[in-house]
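Colleague: Chain A is fixed; fit chain B onto it per the hints.
Respectively, the protein sequence lines represent chains A and B.
1 is the number of the first residue of the first sequence in my numbering; add one for each residue after it.
1001 is the number of the first residue of the second sequence in my numbering; add one for each residue after it.
It should be emphasised that the hints constitute simulated quantities derived from the structure, not laboratory data.
Remember, predicted model here, so these are calculated numbers, not experimental data.
Each hint can be trusted.
Which chain A residues face chain B? A few, computed with CB under 7 Å, are given here:
#	residue
1	Thr6
2	Lys10
3	Leu13
4	Asp14
5	His17
6	Arg106
7	Gly107
8	Thr108
9	Asp110
10	Leu113
11	Thr114
12	Ala116
Here a beta-carbon is modelled for each residue, glycine too, at the ideal position from N, C-alpha and C.
Residue-level listing of the chains:
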Amino acid sequence: MNETLTLARKELLDLRHDRIVWIVLGTLGVAVVLSVIVASLDYRAQLADYEAYVAQVTASGSGVTPAAPQLFPLTLLRGGMEYVEVLAALFALMIGYGAIAKERSRGTVDLLLTRARSGTSIVMGKLAGLAVLWAAIMAAIVVIALASVAMIGGATIGLHEVARVALAGVAGWVYVLFWSAVAVAVTTLTRNSTGALLTLLVAWLVVVLVIPQIGDTMDPDNQVPGGLFKALAIAKTDEHAVLDHFTAYESARNGLEVSSISKLYERFTFATLGIKDTYNGQSLAFIWDGTFRYVYGALAFTAAALTLAAASGRRIHTLRRS
Amino acid sequence: MTTAAISIRSLTHRYGPTTALDGLTLHIPEGEIFGLLGHNGAGKTTTVSILTTLLKATSGTASVAGHDVREASHQVRRSIGYLPENVSFYDDLTTMENLTFFARLSGLRRPEARIGEVLEFVGFTGHDRERVGTFSKGMRQRVGLAQALIHQPAVLFLDEPTSGLDPEGVKALRELILRVNADWGTTIFMNTHLLSEVTKTCTSIGILRSGRLVHHGTLADTVGAFPTDDALERAYFAAGTTTS
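Just chain A, with the same shape it has in the complex (with noise of 0.2 Å):
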């Protein structure tokens, strides 16, 4: 256990020095401020037509007043989730082949195996430094969305909304501890670092855009901008009356969505932070209900990950410089 949290305490103080670090947290920051100002932006806009309707349904002496847009203040996070989802992914992928291939291109790797007690304990420690390290990203994000929901928004944050925006940003750091697990399992497994950089790239590039974009271009709703349900004036019920009449096929493609874990983690956020209109204003204790398989199925993914990265520690020796 010493020997991992030295490693761990050194993989910290290296990435201290490392821009990447500092590129990451502010890109992902900017990002979530970005997406609130443009989801704000919006939702000014729909208010400004929502009241220019007011008045013309007043000047015309109807005493009707049409419903007024609702805000649900986290929903103004959506844009920053998506960009977590798919930007921190590359992030993680990104410092977890450093964290290997650099010892590689250094040669200290041979300083490190005629000390340490093995290469699953080098491996393992480097994971908990990248674990630490992606912990305090993701803290500075959740401040950092929560402050410009606060303060661009216009919203007022509870307890709630901290909690809520606290369990978006726990679901992210296992998300990114995955792909770093990945990253540095198979730079770990294979002898030539630009292979293991390419074959990371594709796998990004496969879960995270490629079987999401597939998933959502089977869900029969996406054939019309906006919804075919809503433009068709379907209501929820009935929607999921037509949908019986496809299990086998929606099955199909449920499974092929779950397969990404990145699915799993914007189903998750998106449930948490009501993004998703079934879960809007519903408790926790609603939205676990709904969630919980996801959770699991992420935890899955990573738990295999380290596992697998925890493996590739017993053929370390193939870092070695012939």
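Modeller: Using the frame of chain A, we list chain B on its own:
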């Protein structure tokens, strides 16, 4: 009878079809400064890699400080110090941060005092807060020696330790190697192809030719057979022709 610090029996290593080490048998008593001589590709680095647990031999056995390199690799690592030919560090970390890291990996819980002691020993005080990436080759070699000695190992492995150093650096490192052996009784196993270094530093030598040990003996015995200024050079070439 003297205890062997390093004991090697029928050690063979192959890289695919190439035999890098061919049945090496060698016993080095405690307290020796042993120089392993040989041309490039003779198998010197392969031997050190096996003895430092970096490489698993194809066949044969070896033990260092009484521990089998295959069966008790962790105990071997605790007993050895290693200075590779081109020593590399975490360049963005300071001398102190690098040495603290390697000391803790070697099991030292509070290494600060020991680091001070070793830095003073290698004559490198006043640089502990400086980043290693800013150091010259000679300075890095001193830090390298400090990291190899930080846990007071029983056996020290040096792979071409003077390679790339200027004459002052070579002299300083040679003196340090002699002091490590004299002051701490550390057994030293040194790979080199510089005959002059062996003459000035080692107490015994081995000569490898294409993976085979063609000569092993004390320095005095080896050069004694050739009472001329270039005695070791003559012994080196003679070993290649008479034994193999």
